[in-house]
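Asks: Listed below are the residues making up each chain.
2 protein chains.
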Amino acid sequence: MPETMSQAAQPLPHVTHQRAVFADGLMLDCGAVVAPLAVAWRGYGRLNADATNAILVCHALTGDQYVAETHPLTGKPGWWDNVVGPGKPIDTDRFYVVCVNVLGGCMGSSGPPEPMTDAEGRTLGRPWGTDFPSVTIRDMVRAQHRLMEHLRIARWLAVLGGSMGGMQVLEWAATYPEAVFAAAPIACASHHSAQNIAFHEVGRAAIHGDPEWRGGRYWEHGTVPAKGLSVARMVAHITYLSEQALSRKFGRRLRGAAALTFLEDVFEVESYLRHQGSTFIRRFDANSYLTITRAMDFFDLAAEHGGVLAEAFRGTTTRFFVASFSSDWLFPTAESRLLVRALNAAAANVSFVEIASDKGHDAFLLDEPDFHNALGGFLRGAAERLGV
Amino acid sequence: MPETMSQAAQPLPHVTHQRAVFADGLMLDCGAVVAPLAVAWRGYGRLNADATNAILVCHALTGDQYVAETHPLTGKPGWWDNVVGPGKPIDTDRFYVVCVNVLGGCMGSSGPPEPMTDAEGRTLGRPWGTDFPSVTIRDMVRAQHRLMEHLRIARWLAVLGGSMGGMQVLEWAATYPEAVFAAAPIACASHHSAQNIAFHEVGRAAIHGDPEWRGGRYWEHGTVPAKGLSVARMVAHITYLSEQALSRKFGRRLRGAAALTFLEDVFEVESYLRHQGSTFIRRFDANSYLTITRAMDFFDLAAEHGGVLAEAFRGTTTRFFVASFSSDWLFPTAESRLLVRALNAAAANVSFVEIASDKGHDAFLLDEPDFHNALGGFLRGAAERLGV
Numbered sequence: 001m002p003e004t005m006s007q008a009a010q011p012l013p014h015v016t017h018q019r020a021v022f023a024d025g026l027m028l029d030c031g032a033v034v035a036p037l038a039v040a041w042r043g044y045g046r047l048n049a050d051a052t053n054a055i056l057v058c059h060a061l062t063g064d065q066y067v068a069e070t071h072p073l074t075g076k077p078g079w080w081d082n083v084v085g086p087g088k089p090i091d092t093d094r095f096y097v098v099c100v101n102v103l104g105g106c107m108g109s110s111g112p113p114e115p116m117t118d119a120e121g122r123t124l125g126r127p128w129g130t131d132f133p134s135v136t137i138r139d140m141v142r143a144q145h146r147l148m149e150h151l152r153i154a155r156w157l158a159v160l161g162g163s164m165g166g167m168q169v170l171e172w173a174a175t176y177p178e179a180v181f182a183a184a185p186i187a188c189a190s191h192h193s194a195q196n197i198a199f200h201e202v203g204r205a206a207i208h209g210d211p212e213w214r215g216g217r218y219w220e221h222g223t224v225p226a227k228g229l230s231v232a233r234m235v236a237h238i239t240y241l242s243e244q245a246l247s248r249k250f251g252r253r254l255r256g257a258a259a260l261t262f263l264e265d266v267f268e269v270e271s272y273l274r275h276q277g278s279t280f281i282r283r284f285d286a287n288s289y290l291t292i293t294r295a296m297d298f299f300d301l302a303a304e305h306g307g308v309l310a311e312a313f314r315g316t317t318t319r320f321f322v323a324s325f326s327s328d329w330l331f332p333t334a335e336s337r338l339l340v341r342a343l344n345a346a347a348a349n350v351s352f353v354e355i356a357s358d359k360g361h362d363a364f365l366l367d368e369p370d371f372h373n374a375l376g377g378f379l380r381g382a383a384e385r386l387g388v
Numbered sequence: 001m002p003e004t005m006s007q008a009a010q011p012l013p014h015v016t017h018q019r020a021v022f023a024d025g026l027m028l029d030c031g032a033v034v035a036p037l038a039v040a041w042r043g044y045g046r047l048n049a050d051a052t053n054a055i056l057v058c059h060a061l062t063g064d065q066y067v068a069e070t071h072p073l074t075g076k077p078g079w080w081d082n083v084v085g086p087g088k089p090i091d092t093d094r095f096y097v098v099c100v101n102v103l104g105g106c107m108g109s110s111g112p113p114e115p116m117t118d119a120e121g122r123t124l125g126r127p128w129g130t131d132f133p134s135v136t137i138r139d140m141v142r143a144q145h146r147l148m149e150h151l152r153i154a155r156w157l158a159v160l161g162g163s164m165g166g167m168q169v170l171e172w173a174a175t176y177p178e179a180v181f182a183a184a185p186i187a188c189a190s191h192h193s194a195q196n197i198a199f200h201e202v203g204r205a206a207i208h209g210d211p212e213w214r215g216g217r218y219w220e221h222g223t224v225p226a227k228g229l230s231v232a233r234m235v236a237h238i239t240y241l242s243e244q245a246l247s248r249k250f251g252r253r254l255r256g257a258a259a260l261t262f263l264e265d266v267f268e269v270e271s272y273l274r275h276q277g278s279t280f281i282r283r284f285d286a287n288s289y290l291t292i293t294r295a296m297d298f299f300d301l302a303a304e305h306g307g308v309l310a311e312a313f314r315g316t317t318t319r320f321f322v323a324s325f326s327s328d329w330l331f332p333t334a335e336s337r338l339l340v341r342a343l344n345a346a347a348a349n350v351s352f353v354e355i356a357s358d359k360g361h362d363a364f365l366l367d368e369p370d371f372h373n374a375l376g377g378f379l380r381g382a383a384e385r386l387g388v
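Chains A and B are the protein sequences, given in the same order. Take the first sequence: its position 138, counting from 1, is numbered 138 in UniProt numbering, and each next residue is one higher. Take the second sequence: its position 205, counting from 1, is numbered 205 in UniProt numbering, and each next residue is one higher.
The shape of chain A in the complex, shown without the other chains (with noise of 0.2 Å):
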């Protein structure tokens, strides 16, 4: 492995992130109760005196809630800093934007890396780690739900957001519909595919497997599973592109001289995916990662539902805009027309764009005017409709 490996195989320097703490805690699909439950969250623009300004965006599996400012631990821009700001396509000068840290992760919100406490909520002295309980797509939407009660808002103009953040867009529009004025689920789906699901698997194996990840205790060594962990944000990240992207950014081009050699690094796709693994490390926490890519893969709303995806929506109000990405392997566009067939089966007022891109899954994230104009006017005419 690169040197930079061992570098960063420590334990993520502490942040103090803003908050909203609850006592009385979280009770979970599992049974579990998290108390006190803390809700890590930044907002973006102002909201207005009546607080019909508010868009919920919900991030994907390594997101966070630093969407549109310098992220604290990379220094690098926030993760949709294209999309929200002044006069952006969700523009701060008109939305206020809130975006909360999923219950599980690792950016302040109760999870593995936080303090564990007892039923009485009381601080064990150690991080939750591997005791952390298990959470659902939908655990973290009633979190979000909690900060949204704090923050006296009573309707979401709009909630949004891509891969497992439509999970959450999904979630809420189910669970909470008459919180949710306008819904976009962008690049996901209903549920999590078998192929989804193995992919993760591979991840988590990789992180079980290293040595350092100790039964998940590697806090009390004050190390961390790095090398797992790398591998694990490499195979995830192949999926977040397209082989077109990949041909195009890479193709089969070697780094330094073509010699035939066991080196490592030899094409520079390799390299990449390199890079992507070790600075994923200092960003994020192993347990999290465990934690949450199995939230995801329980997401099966129709499930939830008596297995008919349209109850889930049944006498909904919610105006929905459904986008999927051409070259989208990780949710295929077939995906989110299962998801459109049923919003209309619902009698749901829905519409539905497929965005011609050969940038794969990612595409949500990157420059790709058609979809921001899509979706800038999606939010437009939402707010119109409000006389927001």
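Treat each hint with caution, since some may be false.
What the hints assert, rightly or not - Here are the in silico distance ranges between beta carbons for each label pair:
id, chain 1, residue 1, chain 2, residue 2, range
1, A, H221, B, A310, 51 to 61 Å
2, B, G251, A, C30, 18 to 28 Å
3, A, G215, B, K249, 23 to 33 Å
4, B, T74, A, Q18, 50 to 60 Å
The hints are simulated quantities; they were obtained by calculation from the structure and are not laboratory data. Being a predicted model, the structure only gives us computed values, none of them experimental. Here a beta-carbon is modelled for each residue, glycine too, at the ideal position from N, C-alpha and C.
Chain A is fixed; fit chain B onto it per the hints.
Replies: Same frame as chain A, but now just chain B:
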């Protein structure tokens, strides 16, 4: 990891393989000489008096020479037992079928687990390990050509194989055109794509990251990098299947209780993948896996011919049968079409079929009657042409 993993984390048992040994060795593309050169092989059927009925079957990345008989390590049927045998599509009542363990493999041919030798061919008392030189697909084919001379076969009636086996077929047709009457490259491509390289690199990173790999010298410690090799197999295995095949086989079925849990193997697809990983380590060597995946990554037939694929086949008289499978996303039909276009540009005799199958890349190994009929017909046609 399952308990079976640690039980199996032992060196591969010793098996005596049938092989030919060439004292003068083989010079490889990288400039190194492997001497002596050991070529482990198996034959099925009977070579006729004028040696015109010989068919060479080339195996894939994790295959071996045990095509149509019980495997000496796993006790399972040969990997193409459904295709090769008396009365089967590759009919051993009529043809003499030869299969060679590839150079760099771990079933008796020269490769990382075999005893290392010095420039004079003297055994150095330890395995090659990662000191085994880098191997190319062309090197593998050259080693097979040595065996061909040894067997006094002047021309193969046909050379055929799927996946990496198909790469060898193409290399045979390009390097020894006069020795190949008919060629069937199946479910393959003329080069390894950036995405394919990326998936291989994940597997290599998992092996390199396993401390039991010990810089490639695990044989000194009586252990093997079982967890890393298992993860490598898991991710590769996903690429061999289609999403449809995974969904049909497993869908989102849970194992046992459906409780939300951190336990491993919650979904059947996970259990299946882990099983694939843990059985693989009992029959394959990690350093061979590194060597052979690298050989596939290096494969770029056009690059060997001035960047023009058609040049590889200029003036060929070989008759080609190219087959792809509609749901194969590792070697998609588009790559077979590129190959067919190059063969057309070289005015080659070529037929092409895309088999409708939802089984993914692995379809070439499975029961696909349309494929078996087409392959059998191609071979019979070639045999009739030669009067065999």
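Asks: Confirm or reject each hint.
Replies: Quick rundown of the hints versus the structure:
Roughly 58 Å separates the CB atoms of A:H221 and B:A310, a value that falls within the hinted 51 to 61 Å. Between B:G251 and A:C30, the C-beta spacing of about 22 Å keeps the proposed range 18 to 28 Å intact. For A:G215 paired with B:K249, a C-beta distance near 31 Å keeps the hint of 23 to 33 Å intact. For B:T74 and A:Q18, the hinted distance range of 50 to 60 Å is satisfied, since their beta carbons lie about 57 Å from each other.
When the structure is compared with the earlier hints, no violation turns up for any of them.
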